[in-house]
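Asker: Keeping the supplied structure of chain A fixed, place chain B upon it in accordance with the hints.
These protein sequence lines map, in sequence, to chains A and B.
Once you know that position 132 of the first sequence is 132 in this note's numbering, the rest is easy, because the numbers rise by one and skip nothing.
Add 1000 to the 1-based position in the second sequence for this note's numbering, that's all there is to it.
Please keep in mind that the hints were generated in silico from the structure rather than gathered at the bench.
Given the structure is predicted, the values throughout are model-derived calculations rather than measurements.
Note that beta-carbon positions come from the ideal geometry of N, C-alpha and C, so glycine has one too.
Some clues are possibly wrong.
Said to hold, decoys possible - Under 10 Å between C-beta atoms, here's a sample of chain B residues computed to sit facing chain A: (1) Ala-1014; (2) Val-1016; (3) Ser-1018; (4) Gly-1163; (5) Ser-1164; (6) Val-1167; (7) Asp-1173; (8) Asn-1174; (9) Phe-1179; (10) Ile-1181; (11) Val-1191; (12) Trp-1193; (13) Ile-1194.
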Amino acid sequence: MFGPQHTRPNPLALILAMLLACAAATVASVPTTAQAAPPEVKGEVLVILAEEKPGAIDDKLRAIKALQKAPFNSFKSMKVLSTNAVSLGENRTATVDLPNGRRLQLELVERLSDGRHKVKVSINRPSKKDYLPLLTVIASGEPFFVAGQKFQNGTLVIGVKIELSGKGDKK
Amino acid sequence: MRYFDGELNEAEAAEVRSQLELDADAQARHGGLLALRTGIEVAAEEVSREVDFDALYARIEAGLPEPSTERKGAEQTAPGLMSWLSGAFKSLLEHPGQLWAPAAGLAAAAALLMVVGRQAPDAERAADPAAQKVAVPTKPPKVAEPGIEPEPRKREMALAAAGSEIVQVDFGDNTGTVFEIALAEGVSTPVVWINDDFEE
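Isolated chain B, as found in the complex:
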């Protein structure tokens, strides 16, 4: 194949040629390849002769949409913006005195960030679950129907109606009694009564 493609040097090609003269099968294969190449080249020439490439390109161009005016405008303004930016940068570098404006902006940004940063510890404290106790009422208030969010005033009234309750009492060296005074249906308030014999 390399001989057929002309990739061998002269010495190699001479060697192959001598072998071809001795090998009838190899001659037949080489001849077939030559015939095939010739056929392809001839066919391509004939086909290209029949095709009008100028007309083909004209038809392709006719089928493409015209570039829009906005696109043209963007193509025109993009270099302008870039050149303006580069010019502005150059001017800024040449006149360091004009850096006051970005410097002032930086100072304002730093000041604002410091204000925000000062609030951060409170935010962390609020977000820290260890810093908060989870309240679990020992007696859920008898307030609202499930699924209904009471209005604030109604909720307060309902909670107030739930009453107070004693969690723990320690009378120390004294004795005492805890009463429950019923105020309304299911609502009571406690009284811690001390048996106090001490009087100042």
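With the rest of the complex left out, here is chain A:
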């Protein structure tokens, strides 16, 4: 069978092969409704130490208008302690260790059709079940804040920014 062939290839066999290949290619090229995995949701967690004593305002924070308004305008100095890029997804939470030993956790709850994301935010003490606090937020591209924790004669201000999605994939 695999030896030298002296007979001319049967044209019908070739035609059959081409027809089968064409049919398979046609079936394979039919667009399926399969969805690619939804993209991860990017975000950023800014950990700021704010103090009432006069001091410097970190240059990175000058562009954030919310920090210039009440209740933050009572702070006379602000320093960025850490900037943490996070990415959220289905079955993927993000955690950020806070300087006071607690841990902030972000969980994607839902991708809204308008591009925003519903996220659950909690602050826990490691290995402890209590939380401080537990909130659910519909996040737009504008940062929201969790503040009030005491740290080094100052107050921790945590800014959470969750980017908008281009399209509304649902979890």
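Answerer: Then chain B, alone, in the frame of chain A:
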């Protein structure tokens, strides 16, 4: 009528004939039928004698269009194709070694179908409404004028301007306050302020 049409056997016909001799009305009806048949036969002969059937067929043929050359060609090639196909099939059966080509085609088709089949669960999952949550924003973003689809960049900017909003807060054993910081006209961002006395 069966007697008139000659469908009776001899005995039956003899019986009918004897009855006809006795029944004057029946004789009259039979005579009428005979006259009618004779008249029809004579008329048909006379008419057919006057018609030139050869000329009639010639006129009909003259009125029909000539068969086209394509049609003639198809009539000629059809037997050729059939004979070629049958010959090819016969050759394929006589030389099983030539089956490699359709076999390869089948293998390729099976491989492609397997690739498509692997994508099917994702497709089913995507199509399953139970597997998806329907998002209903609690606060519709103040974005676009009705009926106008904003451009992607404008849409993103408009959505960002719609701001974030708190859906639920649980302070647990602590207390706290939720502020809204107004950023622009009708746009605000929330601040969850914890009354935290605990410090590590």
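Asker: Now tell me if each hint is right for this structure.
Answerer: Cross-check of the supplied hints:
Hint status for Ala-1014(B): violated, given a least beta-carbon distance of 74 Å to chain A, over 10 Å. For Val-1016(B), the shortest C-beta to C-beta distance to chain A is roughly 72 Å, which exceeds 10 Å, and the interface hint is violated. With a least beta-carbon distance of about 79 Å to chain A, the hint placing Ser-1018(B) at the interface is violated under the 10 Å criterion. Restraint check, Gly-1163(B) versus chain A: the minimum CB separation of about 5 Å is within 10 Å; hint holds.
With a least beta-carbon distance of about 4 Å to chain A, the hint placing Ser-1164(B) at the interface is held under the 10 Å criterion. Hint on Val-1167(B) holds. Least Cβ distance to chain A is approximately 4 Å, under the 10 Å limit. Annotation: interface hint on Asp-1173(B) holds; nearest CB of chain A at approximately 6 Å, less than 10 Å. Among the interface hints, the one on Asn-1174(B) holds; its C-beta lies about 6 Å from the nearest C-beta in chain A, closer than the 10 Å criterion.
The interface hint given for Phe-1179(B) holds, since its Cβ lies 6 Å from the closest Cβ of chain A, which is under the 10 Å cut-off. Because the closest C-beta pair between Ile-1181(B) and chain A is about 5 Å apart, less than 10 Å, the hint holds. Taking 10 Å as the C-beta contact cut-off toward chain A, the hint placing Val-1191(B) at the interface holds, the least distance being around 4 Å. Look at Trp-1193(B): its Cβ gets to within about 5 Å of chain A, closer than 10 Å, so that hint holds up.
At a threshold of 10 Å, the smallest CB-CB gap from Ile-1194(B) to chain A is about 4 Å, leaving the interface hint in force.
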